[in-house]
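*Asks:* Using the hints, position chain W against chain Y.
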Amino acid sequence: MSDLVRRFGGDHPYLTAFALVELVFLALPSLIIFVVSFGSDQIISFPPTDPSITWYASLLQDPEYVQPFVNSVLVATFCTALSIPIGVMTALGLNRYDIRFEHGVQIYLLLPFTVPLVVSGFILLILFGRLGWIGDLWAVGLALTIINIPFMIWSVSSSVNAFDPTLEDAAQSLGAEEIQTFRYVTLPALMPGIISGSLLMFMLALNEFVVSLIITTTATETLPVAIYGAIRGNISPQIAAVSSVYVIIAVVAIVVADRLVGLDRFLHS
Amino acid sequence: MSFREEFHQGRTRVKWRAMDAIIDAKERLPFGSFGGSDRFGYVLISVGVGLVSFLAVGMLLLLWYSFLTFDTIEIFVYEYTLANWVRLGETTAFHTVFSRTLLYSAAVTVGSVGLAIPYAYLVVRTDRTLFRYVLLFGLFVPFFTGVIIRAYGWLIILGKTGLVNWLLASVGVGTVKFIGTPMAMVLGLLQYLLPFAVLMLTPAIASIDPDLERAAKNCGANQWETFRHVVLPLARPGITAATIVTFTLSMANYSIPDLLGGTNSFVANFIYDKIFGTLNYPFAAVLCTVLVIVASVFVFTIFKVYGTGTLGAEVDDR
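Chains as they are written, first to last, in the numbering used here: chain Y, 1 to 269; chain W, 1 to 318.
Since the hints were derived computationally from the structure, they do not count as laboratory data. Incorrect hints may appear among the rest.
Unchecked claim - Label pairs and their calculated CB-CB ranges:
hint	chain 1	residue 1	chain 2	residue 2	range
1	W	T72	Y	G132	55 to 61 Å
2	W	S53	Y	P165	25 to 31 Å
3	Y	V73	W	M183	33 to 39 Å
4	Y	S173	W	A18	56 to 62 Å
5	Y	I43	W	G180	17 to 23 Å
6	Y	T217	W	D71	19 to 25 Å
7	Y	T217	W	G180	26 to 32 Å
8	Y	V73	W	M19	29 to 35 Å
C-beta: ideal position from N, C-alpha, C; glycine also.
Extracted from the complex, chain Y is given alone in its bound form (with noise of 0.2 Å):
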């Protein structure tokens, strides 16, 4: 251990030390679902006996996961694709032109996070109970990017911010049309805060669970709300199996992240 220690850390011994304690208490509440999964028990158990994979096919043929799952994946894609223009547009709108009370408009964007999430929850269901969207798919979307719009807004910012107005001048003095412009030079800028930051709107939309709770119903409910309903029934493997799916993906979303714009644009949005 000592010698892995020295040979990681470097300069900072004893913090190398304590950062990969943390590091296992982070990754294992993950790790351990996967090593669970492959159980072929009916009840959680350590050690798992009999390695298999009888809980992974269970899933498929299983009503009870697959419909929440689709449902998921479609507010997840909905969220996303709604969230671009409007994270575009608005960090477009804030850092390019001339806004009165600016500063006042940039603490409102922040409302979503400062409202408690328990509380947007109630909010939404009396508004779209009242405007008679509860039970629509498309609502649950729209609910999930009410909450995390400035996370886009944040991410295209920084492109806004990073990016060189001058070079739109050069384009429309060589003779190019603003929209021709746009096209061409801004959005182009602009794609890696909207990778990230379509990411970011994807997986969090797809793990969102206080909110959609309290919002769906049994026709809209996703993913993380059945196994909530699941885990509250019974522990079974089974919603370990589903689980690491969860782990899969985010382990895939990670990788397509870094590859993409690196993971290090993450940290700085």
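*Replies:* Just chain W now, kept in the frame of chain Y:
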């Protein structure tokens, strides 16, 4: 000309025609030029502002609901009353839950920010690519795995037939009940909040000039002194932001107290129960209003005392 070239040319032609059509359509719009006028900026932000207005309007709606009369059949009737607010003062169960939420949130905020500082520091400063990658991975896997999945992971670790009890049994200790204890809840909350705290801290630590640390060391400071007198003070904007984010997230948490905390429920569980258990919307509206007020007072106090931290830097135009 080969087929491929021809196809490519055709596609380009279609693309440019479409672009021409769009430009044509735009020119008929009443705005005139897009780029020049600041009025267009307001058009751009209006959709985002409108989206967030759902919550602003909803807050006003909640305030209004809190003065309506609860009715067991109709849920509420449109008669104004102060009864719900009076009930707030009389409901001692809520006082217990509320002070528990505040206490635990304060504790796990201190804990997770404290744990996040060394982690964030290493993420920024380590020069070993692999180690850095492993740290980032450890950070983003939980961040991208929902809170329900992670709470379930803790159920497996701490459950009666779980990992810890299996390890305890192998050294001859009997089964210990962890689920439903404050300890399980604190562990769950810490693991939930730690990634957020690290993410809020890294920009602040990244902006510290490494030369300052070298200078401190040259002046004879050891590693701990450098950390204490150079890194910590300069990381304060990040610490402020991390404190605000973790505290508000913890205050409003529903799933961890519900799944790991047993009877140690939080305000969110109490509110949920009022919404779906007794369908008492007016009283739930009172509780929501109180939660929002307390959370806002906390955030504004921190802002006043310590500045806006990196939260402010992020919304400031640079």
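*Asks:* Decide, hint by hint, whether the structure agrees.
*Replies:* Structure-based check of each hint:
T72 (chain W) and G132 (chain Y) have their C-beta atoms about 24 Å apart, which leaves the hinted 55 to 61 Å range violated. For S53 (chain W) and P165 (chain Y), the Cβ-Cβ distance of about 29 Å falls inside the hinted range of 25 to 31 Å, so the restraint holds. Roughly 36 Å separates the CB atoms of V73 (chain Y) and M183 (chain W), a value that falls within the hinted 33 to 39 Å. Remark: the range hint 56 to 62 Å for S173 (chain Y) to A18 (chain W) is contradicted by a beta-carbon distance near 24 Å.
At roughly 18 Å, the beta carbons of I43 (chain Y) and G180 (chain W) sit within the given window of 17 to 23 Å. Checked against the given bound of 19 to 25 Å, the beta carbons of T217 (chain Y) and D71 (chain W), roughly 23 Å apart, stay inside it. Judged by the Cβ atoms, the range 26 to 32 Å given for T217 (chain Y) and G180 (chain W) holds: they are separated by roughly 30 Å. For the pair V73 (chain Y) and M19 (chain W), the supplied restraint of 29 to 35 Å holds, since their beta-carbon distance comes to about 33 Å.
Of the hints listed earlier, those the structure fails to meet are numbers 1, 4, in rising order.
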